Amino acid sequence: MNKHVAPSSTPKVVVRSIVGKGIAHDSAKKHVAGEAVYIDDMPELPGTLHAVLVTSPVAHGRLKSVDASVALAMEGVVCFVSASDIKGHNDIAPILAGEELFASELLEYLGQPIGCIAANTMELAIKAAHAVKLDIEELEPVLDVELAHQKQQYVLPKQELIKGDVDAALRSADHIIEGRLEIGGQDHFYLETQIAYVMPGEDGDMVVYSSTQHPTEVQHHVAHVLGLYANAIDVKVRRMGGGFGGKESQATIIAASAALIAQKTGRPTKLRLKRSVDMTATGKRHDMVSKWRVGVDKDGRILGMDVEYLARAGNSADLTGPVITRAITHTDNAYFVPHARIVGHACKTNTVSNTAFRGFGGPQGIITSETIIDQIARELAIEPNLVRERNYYGSETGDETPYDQKVEQNHLQEITQTLLATADWQSRREAIDAHNATNPIIRKGLAMMPVKFGISFNLPALNQAGALVHVYQDGSVHLNHGGTEMGQGLFVKVAQVVAEVFQLDIDRIKISATQTGKVPNTSATAASTGSDLNGMAAAVAANAIKGRMAQIAADHFGVDSSAIEFRQNRIHADNRSVSFEELAKMSWAARVSLSEAGHYATPKIHWDSTRLKGRPFFYFTYGAAVAEVAIDTITGESRCLRADLLQDCGASLNPAIDLGQIEGAFVQGMGWLTCEELWWDAKGRLRTIGPSTYKIPGSRDVPPIFNVALLENAPNGEDTIFHSKAVGEPPLMLAVSVYLAIRDAIYSATKSDPKLKTPATPENILAAT
Amino acid sequence: MPDAISFVLNGNPCSVSVRPDTTVLDLIRNHLSLKGTKEGCAEGDCGACTILLQRPNINGGKHKAANSCIMTAAQIDGAQITTVEGLRQNGVLSAVQNAMAQNGSTQCGFCTPGIAIALTGLLRNNSDPSEAEIHDALAGNLCRCTGYRPIVEAAKKAALEIQSSDKITVCGDVRSTISAQGSTVHLPATIDELLSLRAQFPAATLLAGGTDLGVARAAYDTDWNEIILTSSVPELREITVGDNAWIFGAAVTWAEMGDVIADELPSLATLIRRFGSAQIRSMGTIGGNIGTASPIGDGPPAMIALGATITFAMQGGIQKSMPLEAFFLDYRKTALPQNGVIVSVQLPRPKPSEVFRVYKVSKRYDQDISSVCGAFWLKMKAGKIADARIAFGGMAAVPKRARSAEKALIGSSLEDKSIGAAMAAINGEFSPLSDWRGSSHYRAEVAAGLLKRLKADLNGETVELVSL
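So the sequences go chain by chain: A and B. The opening residue of the first sequence carries number 161 in this note's numbering; numbering runs sequentially from there. The opening residue of the second sequence carries number 6 in this note's numbering; numbering runs sequentially from there.
Only chain B is shown next, with the shape it has when bound in the complex:
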C-alpha cells in the first residue's frame, strides 16, 4: 500500500508521506516549506491560500483556482498544483505578477499571492475577460487594504499580455488506497467498490469536494482516519445531456454544471456564479451540496423548483430515485439510507413554455450565504400560469416548496391579486428562524416580496442591482 501522496508541484514531481487528512495548505507551508501561500481564514472564504489545481478529467482538465486550506492531501494524489512560487518563469515575474507590482495592487501583501494565483487561473482559461468575469474570478479573494480597483486594473493589463495556454496533462497512475501515519484514503473506481468501502468503514469520512467537511478539518476539530473519495468513481463524474433532461453525476463540480446549463438556464447560471467562489465551485460537488443537507444551500431550492430527481445507491447495488424535494426530511437529515451514496441528479431541461428564475438575497452579492434564496418555475399556457413550483432556502429547516403560494398562482396571470394571495400564503407557510443572516421577520418579508420582483422581472424590468 503506497504511503505517499504523489503530485506535480510547480512542474516538479513530488511525493510526500503525510496523513491524507493533512490540509494541502499545511502540506505546502509546513512539509514543503513553501511559505508564499498564506492562511487567512482556514474556511475557504478569504482566498489567501489559493492555489491552481489541475486534476485529470475534472473541470475539463483545466487549471482552476482552489482553496488549499480546506482541501486535504487525499484529494490531490495525481493532481498538478501551482503555488505562487511557480508563477515566476526563470526568475522573471509573470505578466500578472508584474502588472500587480506596478499598479499599486499590493499594500500589506498578505492577500497578494492568492490573488496573483486567482487571476492567473482566470487568464489561463480566458485571455480576454470582461470586468464581470474578473469580479467572478476575484469573488473568493478578500483584500482589506487596496479597495480592489488597482487589482482589477492589473488583471486587465495582464490580460493584454497573456495568451491562454493550457495543456491538459494526466499524471500518475490511479491508485486505490494511500495510507500514512494512521490515516487512509480509499479511491474507489466503481460505485460497487464505493458501497463496499462504506460498509467496511462505516465511520469513514465520505469526501466529495470537501468544501464543507474541510472547514472542520482545517480547524483541527476532527481527524479523518479513513477517507473515501467519491471523485475517483468515473460514473459519479458523468454528465449526460438527454433530450429532456441533464443527468449530473454526484461528483460533478459546480463549475462543470454551471458551464453545461448556462445557455438554457441563465438565471441558474447567475446563481451558480454567486455560489461560493471560483475556488469553491472548482472543488464543491452537486452531490456534496445535497448530501450535506444545509437549509441554506442554494443548489437544492433551485433544483427543486426545476423538478429535479435524485438517484442514490444503497448496499447491494440497488439504485433508487425520488423527487429531490422528498429527499430532505429534517434539519441535516435526508432519505439517504445508511452507507448509501448519492449517484446523480436529473434536472429537466426547460421548455419554451416554462419560465425559471432564482433570486439570492444576501448581505454581500458575491460569496455569501443566502438570507433567503427563492426559486420560481412557472409553466405558462395562454398567458396564464398552468403549473408552478416555488422553493425557498433559508426559510425552514430544509429547502422547502411553497405549495400554498403555488396554488394561489396557478390559473392566474401573475396579476397583483394573485401575487398578493401568494405572498400571504408564503407568510402563512413559513416561520424562518433569526440569525446573523437575517431575522425571521426580514426573511419572511423578503421571501414574499420576491414574488413582486418576479413579476417585474417577467415584465422586462431591471430587478437586480448588479445589472445597473
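Just chain A, with the same shape it has in the complex:
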C-alpha cells in the first residue's frame, strides 16, 4: 500500500503517547488463535435448549391456526411459543409501535416469525419446526415499490425537505436533467449469524447474551415482551462476529424469542439462526428508486433539484424513517443546491422489513447525487469533475445545506485536488481514452467522487453515552462503556483514550463486555458515533478519577494539584514521583472513590423532524475516491483495477484501525454496487439466502492497486474526543466511484448517459451497454 501525505489548511498537531498510535485490535491474537469467544462458543449450561424460529411460508396471508402438537410429540422437543404465549407485549418496534415479534394473524412477509420451537439439540429443533402445522389463507402480495407507491401503501407519512422555490428555479434553468435510478439493497452478511443465549435466574430475571449492537434495546424489548421491568434483564455483549447495522434492531427478534422459551421452560435457551433463516427473516439495506428533475445552467451549475425516493420499507417501519431522513440529508452530498424539494416515501411491501445498514440511507442519497452530477456531465458534454468543481460548497456557491446546516471546515477542495494529483488522474485519463479508442470489447472507465457525510444520529436524544471506569488498588483499570465491539476496533480505541488520560500503558486497561447492568440507557453502536460518544464518556469518567487522584498526589507531595503530572505510568511533581499503583493505594487509604460513571451528550445539535431543518450533525467527514474499472462488453463482467482513497478521520485515534475501516467499508460498498444482488421470485421468496447464491466480494475482487490514505494534519475543529472523527460508515460511499467508473466505461461505448441500475452485475451492465 502506498501512503501519501496531504497537507491541511489548519495544521494543529498535538503529540500524544497512546492516542493516535496504530495499536492492533485488542482481540487480534485471540482471533487468530481461535480463542476469541462468540456466543455460540460459550460453554453451555446443563439443560440448555436450542431454539428455532417457525416462519411464514407466504409473503402475504392470514394465519388461521398454528398446531405444534405433532412437533411437540417428537422426542427431545420441549417447548413451542407463539403470539398467544406472550405475557407482556407482542411488540418490538424500535421507534414506533405495533410491530409484532410473532405474527398473530396477518402474515406480511415470507420468513416472518410466527413462533419459536425448542429442543434438546438444534437438529431436533429444526426438524420439529418443519412439523409445526400452519393453516394459512394466502393473499396477494405487493412486492414492488412502484406498485406500493401507486397504491399509496406506506408504513409512514412522507418526509419532505423544501428549500427555496424549486419550481421557479427549474423554470429558469437552461436545461432540465431528468432521471431515475434503481438502487439495490444489500444483505449484511456478518459472518456470525444472529444469536442469543438466555439464562433464566431468580425472580424471573434473565441474563441475555446477545450478538447485538444495541444492548439497551434488547433489554427493553425483552422486558416488554416478557412483561417484566427492564431491571430484570441484564444484556451482555463481549463481541459480535460483524454487525454493520444488521444487529441494531434485528437482534431483538432473536433475543426476545429465546427469552420467551426460557421464561416458559425455566431452562437456558440458545437461538442461533441458520444462514438461510438469517437472510430470510431479518432486514437488509433499503433498496430504493430515486427520481429527479434537476435544473442547471449552461455550465452545469445546479439551480434547483426536485428529488423523490421510493424506499422499500418492507412490512413495517422499523428504522425506515431515519434511514429516509439520512438519504434526504445526503442528496446534496458535496454540492450547493440553492433550491430543493427532496421527498421520501416509505413504501410498504410484503417483503422483510428493511433496517439499518452502514451508511443508513446516506449511500442511497449520495449515489443519487453523484448519478445526477454524472448525468449533467454526459448530457451537457462537460467533463464530470468540472461539473463537480462548479457545484462544490464554497465561497463561490454557498455553504448552506438544504436542511439549513452550514458546511464548515470543508476539506473537499483540498482532498479532491490532492487525490487527483496522487492518483495521476490526467495521464490515466488519457491512457484510458486511448485504450478505449482501439478496444471494442474490453472498455475501461475512470471516475472521481467526493463524499461529505454528517456525523450524529439525526434524533438528538440518541447522541449520548455512558461509561464506567474503576481504578483498583494495584493500579489496574477496568473499563466499561455502552458501545459494542463488532470488529470495528471500538474497544481498543476507547481503551487508548483511558490510557491516554491516565498516561498508562494500554495493557493496564481491562476491556470488558458491554453490559446493561453496568452502563444503562445506551444508544446503539451505530451511525459511526461509537468512538465519538463512548470515547468522550470514558474520558469524562477517567478525568474525574484522575482529578481526585491528582489531589491526593498534591497532598502527598505538598504541592498544588496543578503541579501534578501523569506521565509514563507515574505521577510526577517536580523531580519526585510515585507509581500509578502507589497513588491508587494512597487514594484508597484516603477514602477517595476510584470509580466513576461518565456521561456525554453531543453539543450543538438540534433538529426539527417535521420540516427537516436544523443542525442534525455535530460535524461532517470528508473523503474522495478515484476508481478505474474495466468492463467486458460481451458479457457485462466488470473489474475494479485500481482505487485511490483519501479519507478525513480528523486526528485519528488509531490510524491502523481507521485504515481497516476505510478499506473494509470500500470493499463492502463495492459489493453493494456490483456483485451483491438480492433476488426475489414472483411469490416474494428471497432466493439468494446463502453465500452460494448471494455473492459478497472475495479477495480477488479487491482492486489490485489499492492506495488508501488518511488526510493528515486535519484535526476535527469541533471538540470531539482528541479531535478525531468518526470513520465507520463514510468510506463505504467512496465505492460509488466504482459505479461511476463503470458508467464511464459504458459511456465510452454508447456515448449516451448510461441507464445503469445497481448492483452493476454483469447482466445489468450488459443491459446498459
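What the hints contain is simulated information worked out from the structure, not anything from laboratory work. Every value quoted in this text rests on a predicted model; they were computed, and no experiment measured them. Cβ atoms here follow ideal geometry from the backbone N, Cα and C, with glycine treated the same way. Any given hint could turn out to be false.
Chain B is faced by these chain A residues, among others (derived, beta-carbon under 7 Å) [stated by the list, open to error]: (1) Asp394; (2) Arg398; (3) Gly402; (4) Gly647; (5) Ile794; (6) Ala816; (7) Gly858; (8) Ile865; (9) Phe866.
Fit chain B to the known structure of chain A by using the hints.
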C-alpha cells in the same frame, strides 16, 4: 463392527462414537468442544469452518483445506485433521497467525480461524505463492470486515518465514464398516463390493466428496442411515495417463485432476481453479460432479467439448462406456442404471491441431456458479475449422452441445460471417431459464457473445478481465 470414527486431530489420535452422518463441524465443535472452527453458512461457501484434511493417497497425501461444515464423519476415518487449535506450537502462534495478528488482518475475527487454516494449507504446499495463488487459496474464505488487503499481505509475510514441510503419513487401518447410533458407513474396497452394497442398501447415500449432498445434511434436511463411500475403492481413485487420453477414476478430486491437465489444457485448468474453492476442489470428485447431473455444473460442458467418454459399472460387474454428452438425459436425470456406479471418465489429450477454450461467466470471478459456461473445441486444418464441439452449461436442463452452431463453424476460418451464423444458431437452439444467476435473455446473449470472445482470444487479444 467398530462403532467409533478414528482419526488424528491436531496430532493426537482420536476416536469418537458418533453417527457417521454427523458433520465434521458438529463433531469438532459440539462433541470435541473445540470452538475455534466456526459455522458461517453450512453450505461450504464462506470458509469459516475450514480445516486441514490429510487422507492417505488422496490429493497426494497432502494437507489440504476442506470445509468441515459439509463433510461428514464418515469421510474422515483414518484421516488427519488440523483445526485452528492445532496451529500453535508449544503455545507460540504460527507464522501465519502472527502475521495476521500484526497486520490488521482481523476485525470481527469470525472468519479468521478459517482463513488462518486456508493460508496454512497454501503455505505448507507452496512456500512461495504468487498473488494469484494466494487469491486461489482464499477464494473459499469470505471476510466481510477487512477488505482482504491485510490478509493477502499477511500471507506474503508469513510465506517468508515458512518452509514447506509436509510429511505424508498413513494412519489407521482401512476398515470396511463403521456403525454408531443407527447410522452406518460402508467403505468398500472394490467396485464389486461397491455394487453389492448398492444392491443390498438401495436407499443408501452414495457419497463421494459430499460437496453437494453434504449441504442438505448440514441443513439437517436429511438423515443418512446408510452411507456408501466411493473414495475407499482404489480403482475409483486411479489416474491413468495414456498416449491419447487420460482416464480419471470417478473418485479423483478436482484438485488432482487440475494438476494433471494443467500443462496441456491451461484453459481447463483456469476453469478448475474457479470451480468452487480450494476447499471444495480438495473434496469434490469428478464422478460426483457428473453424477449429480446439475445443469450448471462446470465440469460436464468442458469435458463434453473435449470429447469425454464415461464408463460406469452395473449390477453383475458389467461395465459400459458412452460419450459423456449422451449420459445426461434430462434435468438431474442420467443414463446411470439403477444401483450402478460411475467408474471413470476418459478425456482425450489435445493434439497440436486442436484448440480448446472454456469460458465461465458469473457474478463473481471466484467460487461462483456459472450464469453461462461455454466450452469450445476446434480441430483446425489449413486455417479452417475441420471439426468443432461446443457445449454449454446453464443454458438448458442438461449440459448441452450446440450442434447447429458447430455446423455453422465447420469449414470456415472463424470469420465474422460464420461467427454471426453460429451466434444465430445458438439463439435458435437454446431457451435458457431465468433465475438469480441471469435472465433467459442475458444467458442467450452471453452464450452467443462468447463466440466473439473466442475469436478475439484466438487472435491473441486479452479477453478476460482477470488478466488485466
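Hints and how they fare:
{"no.": "1", "hint": "Asp394", "result": "23 Å, violated"}
{"no.": "2", "hint": "Arg398", "result": "11 Å, violated"}
{"no.": "3", "hint": "Gly402", "result": "4 Å, holds"}
{"no.": "4", "hint": "Gly647", "result": "3 Å, holds"}
{"no.": "5", "hint": "Ile794", "result": "4 Å, holds"}
{"no.": "6", "hint": "Ala816", "result": "5 Å, holds"}
{"no.": "7", "hint": "Gly858", "result": "5 Å, holds"}
{"no.": "8", "hint": "Ile865", "result": "11 Å, violated"}
{"no.": "9", "hint": "Phe866", "result": "6 Å, holds"}
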